[in-house]
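Take the sequences, apply the hints, and build the full model.
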Amino acid sequence: MTFYVDNETEYKFDFDADELVKILVAKVLETEKVPYTDVTLNLSFTDEETIRETNRDFRNMDKVTDVLSFPAIDFEAPVDFAGVKEGDPAYFDAETGELILGDIMICVKRAMEQAEEYGHSLKREIAFLITHSCLHLLGYDHETDEERIVMEDKQRNILDDLNIKRE
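According to my numbering, the sequence shown is numbered sequentially starting from 11.
These aren't lab readings, by the way, just hints derived from the structure by calculation. Each hint should be verified, as a subset may be incorrect.
[Claimed, not checked] Capping the alpha-carbon separation at 20 Å, the derived lysine to any residue pairs in SDA-like fashion look like this:
id: 1; residue 1: Lys43; residue 2: Ala92
id: 2; residue 1: Lys43; residue 2: Glu108
id: 3; residue 1: Lys95; residue 2: Glu108
id: 4; residue 1: Lys37; residue 2: Asp163
id: 5; residue 1: Lys22; residue 2: Arg120
id: 6; residue 1: Lys22; residue 2: Met122
From a predicted model like this one, the values you see are computed outputs, not experimental measurements.
Written out as structure tokens, the structure reads:
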């Protein structure tokens, strides 16, 4: 697995963000029975202005959000890899041969506010946002109540399995 984790902010985490990404992505891939374990993922920790601009440019929503996910695969259904052809440069990194999952952007300030609001650590909030985004990268969404319930259950189960709980 290859992870490119970029902290574009001046904030220094009191946990190893790279290790957290590795653990969470591996758990999501295992839980969702993804047929590819060698994957590439980009994650940026960013500020409010950058995520607002990106949200505006890509989603036509001119507001700050906690996280954005940009899947590299346009799934017909969650975790349905039927349209993914092994070695296809649209889906696989030419140098490493790894499946390209996509990109995640997390607004550190918003994550800090949410951690305080929910009464848990920043590490737990970041873990939640990474898990949530990984599920989006695998084709899950929460546009309907049914989809939301599925995602919430999956997020909770993954974090509970890793003993990353609300404190």
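How the hints compare with the structure:
no.: 1; hint: Lys43 to Ala92; result: holds (14 Å)
no.: 2; hint: Lys43 to Glu108; result: holds (16 Å)
no.: 3; hint: Lys95 to Glu108; result: holds (12 Å)
no.: 4; hint: Lys37 to Asp163; result: holds (15 Å)
no.: 5; hint: Lys22 to Arg120; result: holds (15 Å)
no.: 6; hint: Lys22 to Met122; result: holds (12 Å)
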